[in-house]
Amino acid sequence: MQFVIAIGCAYLAVLLLLAVFQRKLLYQPGRHQHLAVERFPELSQLFPETRDIEISCDDRVTIRGWLLQHEPAATRPLILLFHGNAGDRSNRMGWYQMFSSLDVDVLAMDYHGYGDSGGNPSEASLKSDGAAAWHFATGELGYQPSRIFVMGISLGGAVAVDVAARESTRQPVGGLIVISSFSSMVDTSSYHYPWVPVSLLLRDRYPSAATIRSLQCPYLHLHGDQDQVVPMSLGEKLFAAAPAESRGIPRRWVTMRDTDHNDLLYNAAHVIRTELQEFIENCQGIRP
Numbered sequence: 035m036q037f038v039i040a041i042g043c044a045y046l047a048v049l050l051l052l053a054v055f056q057r058k059l060l061y062q063p064g065r066h067q068h069l070a071v072e073r074f075p076e077l078s079q080l081f082p083e084t085r086d087i088e089i090s091c092d093d094r095v096t097i098r099g100w101l102l103q104h105e106p107a108a109t110r111p112l113i114l115l116f117h118g119n120a121g122d123r124s125n126r127m128g129w130y131q132m133f134s135s136l137d138v139d140v141l142a143m144d145y146h147g148y149g150d151s152g153g154n155p156s157e158a159s160l161k162s163d164g165a166a167a168w169h170f171a172t173g174e175l176g177y178q179p180s181r182i183f184v185m186g187i188s189l190g191g192a193v194a195v196d197v198a199a200r201e202s203t204r205q206p207v208g209g210l211i212v213i214s215s216f217s218s219m220v221d222t223s224s225y226h227y228p229w230v231p232v233s234l235l236l237r238d239r240y241p242s243a244a245t246i247r248s249l250q251c252p253y254l255h256l257h258g259d260q261d262q263v264v265p266m267s268l269g270e271k272l273f274a275a276a277p278a279e280s281r282g283i284p285r286r287w288v289t290m291r292d293t294d295h296n297d298l299l300y301n302a303a304h305v306i307r308t309e310l311q312e313f314i315e316n317c318q319g320i321r322p
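When we follow the numbering used here, the leftmost residue of the sequence shown carries the number 35, and every step to the right adds one.
A couple of the hints might just be wrong.
Said to hold, decoys possible - FRET-style restraints, in silico, Cβ to Cβ:
no. : residue 1 : residue 2 : range
1   : Asn154    : Asn316    : 38 to 46 Å
2   : Ala278    : Gln318    : 14 to 22 Å
3   : Arg65     : Gly176    : 29 to 37 Å
Said to hold, decoys possible - EDC-like cross-link-like pairs, simulated, lysine to aspartate or glutamate; straight-line CA separation at most 16 Å:
no. : residue 1 : residue 2
4   : Lys271    : Asp259
5   : Lys58     : Asp238
6   : Lys58     : Glu157
7   : Lys161    : Asp93
8   : Lys161    : Asp238
Derived by calculation from the structure, the hints in this document are not laboratory data. Predicted model only: the values in this text are computed from it and were never measured. Glycine is no exception: its CB is placed at the ideal position from the N, C-alpha and C atoms.
Just need the whole structure built from these sequences, with the hints factored in.
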């Protein structure tokens with residue numbers, strides 16, 4: 035009997051630790067005092083026009099990022115990029131190389147608590163960051179919504195879904211691009227911790243499958259068939275919840291063969307680049 039009680043107490047203790055430190059597990063930001071674009075000369079080799087961006091959010095926290103352009107005008111399609119749960123915008127050089135070769139511009143912002151942005155990460159703050167980045171791109175920068183492709187990788191996919199689903203009900207949005215993201219954080223956490231009552235403990239739930247039902251723009255989803263972080267089945271669940279087509283363009287699913295969660299650019303760079311190029315061209319009706 036004492037053994038059973040001890041096991042029960044240990045289980046409750048673990049649940050308590052998970053409940054208290056869940057955001058430490060979910061958000062693993064890189065932190066820097068200042069990520070000035072001039073510290074990364076390779077960016078100016080990829081994009082002739084690069085500059086630092088600061089955006090003040092509704093909670094008065096300042097988030098920071100980079101605007102990467104081929105020329106100082108909002109003439110090309112824009113990738114509004116939302117990265118995953120680890121690192122910061124300075125860890126995405128391989129992606130910037132790909133975007134440069136696609137002849138698109140990029141707005142890459144760090145979330146609350148990431149890079150040199152202020153504040154602390156949470157579902158509410160990340161979604162606020164997504165909305166702020168969108169309004170900055172369409173307002174201050176002057177990009178037409180129909181020329182903006184909202185792209186999210188892993189956790190960033192949840193932010194991208196939130197932005198695209200909301201904004202596409204108000205105006206034409208270029209498209210939504212999701213890579214290796216999930217139906218919800220409840221589903222993902224339950225996959226990794228099946229012995230935990232996740233639905234009772236989880237604070238940041240990211241219900242992407244519910245959100246994406248209102249999407250009114252073209253949608254491309256790429257997922258690795260060997261993904262051990264976000265299993266492909268959860269990506270398929272998200273994909274199935276989306277409208278079958280928008281503006282006459284069917285939603286598109288792409289399986290990246292023999293690809294895990296963190297080796298996308300090693301194992302599937304050619305597939306990703308080809309799919310992005312075709313998707314952007316198809317949505318724009320012309321070459322970007």
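Q: Tell me, in ascending order, the numbers of any earlier hints that this structure violates.
A: Going through the list in order, the structure violates no hint and respects every one.
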